[in-house]
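Please construct the entire structure, taking both the sequences and the accompanying hints into account.
Residue numbers (this note's numbering): 52 to 304.
Careful: at least some of the hints might be erroneous.
Unchecked claim - Straight-line alpha carbon distances no greater than 27 Å define the calculated DSS-like cross-link-like pairs of lysine-lysine that follow: (1) Lys177 to Lys190; (2) Lys151 to Lys230; (3) Lys151 to Lys190.
As the list claims (entries may be wrong) - Okay, the calculated beta carbon distance ranges per label pair: (4) Lys190 to Ala98: 30 to 40 Å; (5) Asp211 to Arg286: 43 to 53 Å; (6) His225 to Phe106: 23 to 33 Å; (7) Ala78 to Arg286: 17 to 27 Å; (8) Ser224 to Leu83: 53 to 63 Å.
Since the hints were derived computationally from the structure, they do not count as laboratory data. From the three backbone atoms N, C-alpha and C, an ideal C-beta is built for every residue, glycine too.
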Amino acid sequence: MKTGVNQYGLSLVELMVAMTLGVLISAAALQLFLTHRQMFNLQQGIASVLEQGQFVVNFMSRELMSAGYGQVAAAIGTGEGESADGLRYDAIRIYLEEGKDCAGGTLNDGENPVANPWKHYAVTIKNGTGILICSDSDKNNNPLIDNVEAFQILYGISSDAGAITPNYYAPLSHIGSEKVVSIRFAVLLSSQGVTNNQNETIGQYATDRGSLQVLDQNYSYSRAGQNYLIDFEDRRLRRLFVSTVAIRNTFGG
Numbered sequence: 052m053k054t055g056v057n058q059y060g061l062s063l064v065e066l067m068v069a070m071t072l073g074v075l076i077s078a079a080a081l082q083l084f085l086t087h088r089q090m091f092n093l094q095q096g097i098a099s100v101l102e103q104g105q106f107v108v109n110f111m112s113r114e115l116m117s118a119g120y121g122q123v124a125a126a127i128g129t130g131e132g133e134s135a136d137g138l139r140y141d142a143i144r145i146y147l148e149e150g151k152d153c154a155g156g157t158l159n160d161g162e163n164p165v166a167n168p169w170k171h172y173a174v175t176i177k178n179g180t181g182i183l184i185c186s187d188s189d190k191n192n193n194p195l196i197d198n199v200e201a202f203q204i205l206y207g208i209s210s211d212a213g214a215i216t217p218n219y220y221a222p223l224s225h226i227g228s229e230k231v232v233s234i235r236f237a238v239l240l241s242s243q244g245v246t247n248n249q250n251e252t253i254g255q256y257a258t259d260r261g262s263l264q265v266l267d268q269n270y271s272y273s274r275a276g277q278n279y280l281i282d283f284e285d286r287r288l289r290r291l292f293v294s295t296v297a298i299r300n301t302f303g304g
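So this is what it looks like as structure tokens:
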């Protein structure tokens, strides 16, 4: 006579324990995925912002160094209709005797050359994004970088006609007949999308008033702040790039 084998199913308690363990494992896996995704987005944002920042600093430094080459009287200015002292975006125009245009060709090499060829740098807003544009007297109009949230410029002024060291820096609206020997510019860039799970402040240039100082402009971090012009509460990564360039073609002039 054969004895049957008794089979037992899971008890209700065992089933609930198994389901709970499954939920915990799934939640841990989801949290791990979200953490890795956030780290990836952060790394991508840092890499993109640093790449654009290094590019614009190197590019603008080379351009500004060449201002006033040759016998051009006015090396620096702003374009017609452009704001010299914008709350977020300044504009600058440099005059050259020769060089590359904004498209990489030879400046002022067309059928109708102008007396004082120039290149102009200003920020245009498109779909809510600031784009730094290079335009020139050859009618080129080329974008350089995007996600520009501030572009500020100060001019190094020398009170001594023969000096090459500035006595102070001032916006263009405060400059009279003094000699400009250097230019200090700052570019605030942001990442393309959200990279952080919290809002970020930029410690190096933060003030004790809860704001960001970008040369002569101050931007509040809080939406309730008086100078709230940039949304620092959107969880995007931001970096501020500042550089000072000596205008070599004014030395000794």
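So, going through the hints one by one against the coordinates:
Between Lys177 and Lys190 the CA atoms are separated by roughly 20 Å; this keeps the pair inside 27 Å, and the hint holds. Restraint check for Lys151 and Lys230: the C-alpha separation of about 26 Å stays at or below 27 Å, so the hint holds. For the hint pairing Lys151 with Lys190, the CA-to-CA distance comes to about 13 Å; that is within 27 Å, so the pair holds. For Lys190 and Ala98, the Cβ-Cβ distance of about 34 Å falls inside the hinted range of 30 to 40 Å, so the restraint holds.
In this structure the supplied range 43 to 53 Å holds for Asp211 paired with Arg286, their Cβ-Cβ distance being about 49 Å. Checking the proposed 23 to 33 Å range against His225 and Phe106 shows it holds: the Cβ atoms sit about 30 Å from each other. Distance hint check for Ala78 and Arg286: the Cβ-Cβ separation is about 23 Å, which falls inside the suggested range of 17 to 27 Å. Range check, Ser224 to Leu83: about 54 Å between beta-carbon atoms, so the 53 to 63 Å window is met.
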